[in-house]
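Same order as they appear, the protein sequences are chains A and B. In terms of my numbering, the first sequence opens at residue 1 and continues consecutively. In terms of my numbering, the second sequence opens at residue 1 and continues consecutively.
Hints are supplied without guarantee of correctness; some may be wrong.
[Unchecked claim] Some but not every residue of chain A turned toward chain B, in silico, with C-beta under 7 Å:
#	residue
1	L186
2	I297
3	D326
4	P332
5	M342
The set of hints was computed from the structure by calculation and includes no laboratory data. We put the CB at the ideal spot given by N, CA and C, even for glycine.
Protein chains: 2
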Amino acid sequence: MYGLIMAGGSGTRLWPHSRSGRPKQFLRLSGEQTMLQETARRVLPLISYERLLVVTGPGYADLVREQLPELPAENIIVEPSGRGTAPAVGLGALHVRRRDPDGVMAVLSADHSVERPDLFCRQLAVGETMARQGYLVTLGITPAAPATGYGYIEGGELIYTADDERVFRVRRFVEKPDLQRAQEYLAAGGFFWNAGMFVWSAESILCELARFEPLLAQGLALINCHLHTPRAAEVIERVWPEIPNVAIDTAVMERTSHAVVIPSDIGWSDVGDWAALSQLLPQDDNGNTVVGSCVQIDTRNSLIYGNGRVVATIGVEDLVIVDTHDVLLICPRERIQDVKTMVAEIRKRHAALA
Amino acid sequence: MYGLIMAGGSGTRLWPHSRSGRPKQFLRLSGEQTMLQETARRVLPLISYERLLVVTGPGYADLVREQLPELPAENIIVEPSGRGTAPAVGLGALHVRRRDPDGVMAVLSADHSVERPDLFCRQLAVGETMARQGYLVTLGITPAAPATGYGYIEGGELIYTADDERVFRVRRFVEKPDLQRAQEYLAAGGFFWNAGMFVWSAESILCELARFEPLLAQGLALINCHLHTPRAAEVIERVWPEIPNVAIDTAVMERTSHAVVIPSDIGWSDVGDWAALSQLLPQDDNGNTVVGSCVQIDTRNSLIYGNGRVVATIGVEDLVIVDTHDVLLICPRERIQDVKTMVAEIRKRHAALA
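Chain A extracted, bound-state conformation:
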């Protein structure tokens, strides 16, 4: 099996620790390794570096090389600009199919966290089995709460069981719901979070793209003709701005009849904001998550993400404090979603810090 790590994102929700020049996937957040490194090592039992491809933007290729020195140079695929996940997946699929016409690929996000990598690998292996039969496989995360921040996948008919893993047809993909609907999904069961993790053969996904996104498929075909030729870079630069900007979910998964879902309870997190990160890190007796050096007096339920400097807190509750060498963020937990607004503001007034 091949792996395609999607490492082009430039998310802002962990600002100021993450910056446009070094987004989340290139940061050490909870461990010794960066999220990209963790993503690669997590699937190493299944996918060697030779078969691991990374799609990223031109500004990040050096970071990928630096953080994954084991990766062969030709496995770094640079897309000229971010045009949604469908073009990135399609480009990756061209590379996989060129190496192995029957190649199966797992699509992985570079900036997600997984607590149970063994289970994750077992499920990817089941996914590979299904993908070789032509299915488009998605891992659907067993919901732990009525989250409104993710799309949901509704499972249908059970079509396969292997060991403890079950595979269901996908009944439908559902957009991010409101709270009431999310609560209904949780109560009903059979609904899973769409975490954007897929397994399919390169041929299958390219066929479905051709069917549902013919303009995108034409662009990819043109790129494919010149892949690994001296004109490759020139062609992709010309084609890329013209192709549709679309997510693989919308382009294919919501439309295809071949989608299946493997319910997945792997301790997944997209580490989507500071509150999510604080749940991944150990807490002290007062409910505080502390990275770095902190002296506390009456401090509770706060995230203190330091950067060398000593953080001294008195009477602080439910606060997020993120210290970096050039920016300091202070925000109550309940306002953490407004970090995006702050980054927009910072972009206007201190562009170098965004």
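Fit chain B to the known structure of chain A by using the hints.
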């Protein structure tokens, strides 16, 4: 008139901006100049540098020299250790009397702020007139609120009027009151905050010290015998640890019958904590006091005292944020008095940062 600036304090209440190695008087807080420099320049219309003496500790003499280069070297008086204000005042008085047996001195704190320096100088001049008649003069601050953090002076008989200034006999000095009593003082009128600002002749204060603190006076007499001799340093080092550690208020002012008070409405502040400092600095429309660079979203009634780094605040209210190069303090306004506790904690765990 001579001036004696008391610059030996090592207060902790503006930590982490102030440190034991560089306490408040040596910091720029609200202006271009440090508080020591402001103190000296404030009285310059009355007291030239030649007649200005500074008492400080051995660790701070270099800072005084650096910040007041106009001061003659012999005007820096180093006390071997802090033993309360009475010994420091006595030591200063020895120097003044040596230069001028009839010398009058104004005793000034190096770390207080005064909004109306012209009025302040006029009142010091009235004080000088009274001091030449043998009175021990104190400027009593007209209370703006029922503060419980200061001692109070109760005025008695009106004994002198000059221009708009009035001078009263002191009926009594009162210890820091509780809130109810402070409210009574404010309602009654005729009570003033004891700000530790005095004017007296060197001879008068040395006489009163001899009367009320004979042990201290003996020590001072010994030092006086060797003042400006080669043995001066050795004698003061030997005498100093043995003399009583006592404040001039307790030693003299609460006991003498020669005390008078000039009611003083000079916009005085001892800048005793971060809340006090924020009242001295301009506020924006949201009630925030910002020093340095700050990007705010929904931020109110907060003090953001920066240090180069951009401080980004979202949904922050009534918070004090003090950023320095090696420590960051976060504390609600209402807990600001606990900074002292924090400093004690820091002293244990990160002594270099205290």
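We went through each hint and held it up to the structure:
no. : hint : verdict
1   : L186 : violated (29 Å)
2   : I297 : holds (6 Å)
3   : D326 : holds (6 Å)
4   : P332 : holds (5 Å)
5   : M342 : holds (5 Å)
Hint 1 alone, counting from the list given before, is not met by this structure.
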